[in-house]
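Novice: If you read the sequence shown in the numbering used here, its first letter stands for residue 1, the second for the next number, and so on.
Derived by calculation from the structure, the hints in this document are not laboratory data. Be a bit skeptical, because a hint or two may be false.
To be verified - DMTMM-like cross-link-like pairs, simulated, lysine to aspartate or glutamate; straight-line CA separation at most 25 Å:
| id | residue 1 | residue 2 |
| --- | --- | --- |
| 1 | Lys259 | Glu396 |
| 2 | Lys145 | Asp283 |
| 3 | Lys145 | Glu45 |
| 4 | Lys145 | Glu389 |
| 5 | Lys359 | Asp115 |
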Amino acid sequence: MTEPEGGDLKIKVARTLKWNVIDRVASQVLYAVTGIVLARMLSQEDFGLVGAILVFQAFASLFVDSGFSSALIQRKSPTRLDYSTVLWFNLAIACGLYVVLFFLAPWIASVFQGDMRLVPLSRVMFLSFIINASAIVQTNRLMKKMDVKMIAVSNSLGLVAAAAVGIGLAVAGSGAWAIVWQTITLAGVKSLILWLTSSWRPLMRFSWSVLRSYFSVGSGVMLTSLLNTVFQNIYSFFIGNRAGLVPLGYFTQADKWSKMGVMSLSQTLTSTFLPLLSGVQDDAERFARICGKTHRLTSYLVFPAMGLLSVMATPIFHTLFSTKWDASITLFQILLLRGVFTVLTLLYSNFILSLGKSKTLVYSEAFRDIVALLAIVVTLPGISVSTQENPVAGLEIFLWGQAAATALTWGVTLLIAVRLTGRGLSQYLLDMVPYVALTAVSLVVPVFLLSLSLPPLLLCVAQSVIFLIVYLGVNYLFKSRIQHDVLSYIFRRK
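Please work from the sequences and hints to get the whole structure.
Specialist: See the structure below:
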């Protein structure tokens, strides 16, 4: 595949970024609307039941992907046989894992205080990763071509269908089943649309030699993802096992809403820039230049987004849920702080991955997990602590430990990126400092507004409008090149 040069490349990146943003915004709006309705209609225990299942679903989905999808993007010119081999491998692993988990369902229930409702719920929920496995390569091909329009369309239509099913079942009193069938519907509709709108069909062939050729990068990515998934989901495991399903429900809500911002931003940047960086991996000067611009863009977005959401946490939750989920608010804010370091760490990991340094990723992830494990050892004894005023006091301490571990990992991963990308530590730090400072200045008035007795919705509107005016205005006065490019892409590019 020939890489576009100069202006063509800039336009292609702009279009890819535009559709990724459209995808993320549309998806999060639809996801949020459904989540709000379900959070109002379902109980904390319903969300705890699904949260328990998601622990095992995350690991199954990881093994289904096997890291080869990232390896396909990292490779410059994958063939039809390459794509076909990865597809058949993913589907075979998905079916095998489903059979195993089907029979392990009673054991899963025993882990979470013997709640046998988890048995039928998990057996249906696990079907989703088989359906998702069928769409991985179709999605991968579109990302590789930087043609993500249909990914956005399939996600949006899938979420609409899933919302109708989930809300309908919630109204009918189906409890946790509403979330389970919502998940199945989303996976099914997305996969169906991608296959119906694509002319690509797999070869009825499987090549072990092709699979082995991807093993070096794929296995490294998989091992990294495995370690990351362990510590993304081990929290739910310990909370459900040690504190119970109701505290797990509070954590699930905080985690879900924080991830809407954190992971959406990270996924948008990854799907936009990883193919681009992989294409220029042999041009050190150009690679370093693109890394710098990507890092500045990320800083421009992540600090204000996470800062504003943290300040607005209480009025947001009160607007959406009244006081039903107040115990989730502080958890949400801690997870947003951790999310800043998560986004930046994942960005540096993509720099490393685009150079094919998957073993280095494994080492950095191993370091993160060791630090996170130490934080767990220190904070786990108090995880079930609760008071009448704060039923999740122990969870707050637990998550503060994880936030500190993530910050330390960010620092180590940054040093690795400095060594590999040809940019100095001072350059990376100077990319971030202006946007940290501008975010702090822009938050002064929104923080002050919290002291006023305003209705939650009005407070949300006032805080966000004032923040945006100040942040965009100060960036304009200081002639921010990144802001100029972002606005140019939004208003001038097609």
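Novice: Indicate, hint by hint, whether the structure satisfies it.
Specialist: Hints, one by one, checked against the model:
{"no.": "1", "hint": "Lys259 / Glu396", "result": "17 Å, holds"}
{"no.": "2", "hint": "Lys145 / Asp283", "result": "20 Å, holds"}
{"no.": "3", "hint": "Lys145 / Glu45", "result": "43 Å, violated"}
{"no.": "4", "hint": "Lys145 / Glu389", "result": "53 Å, violated"}
{"no.": "5", "hint": "Lys359 / Asp115", "result": "40 Å, violated"}
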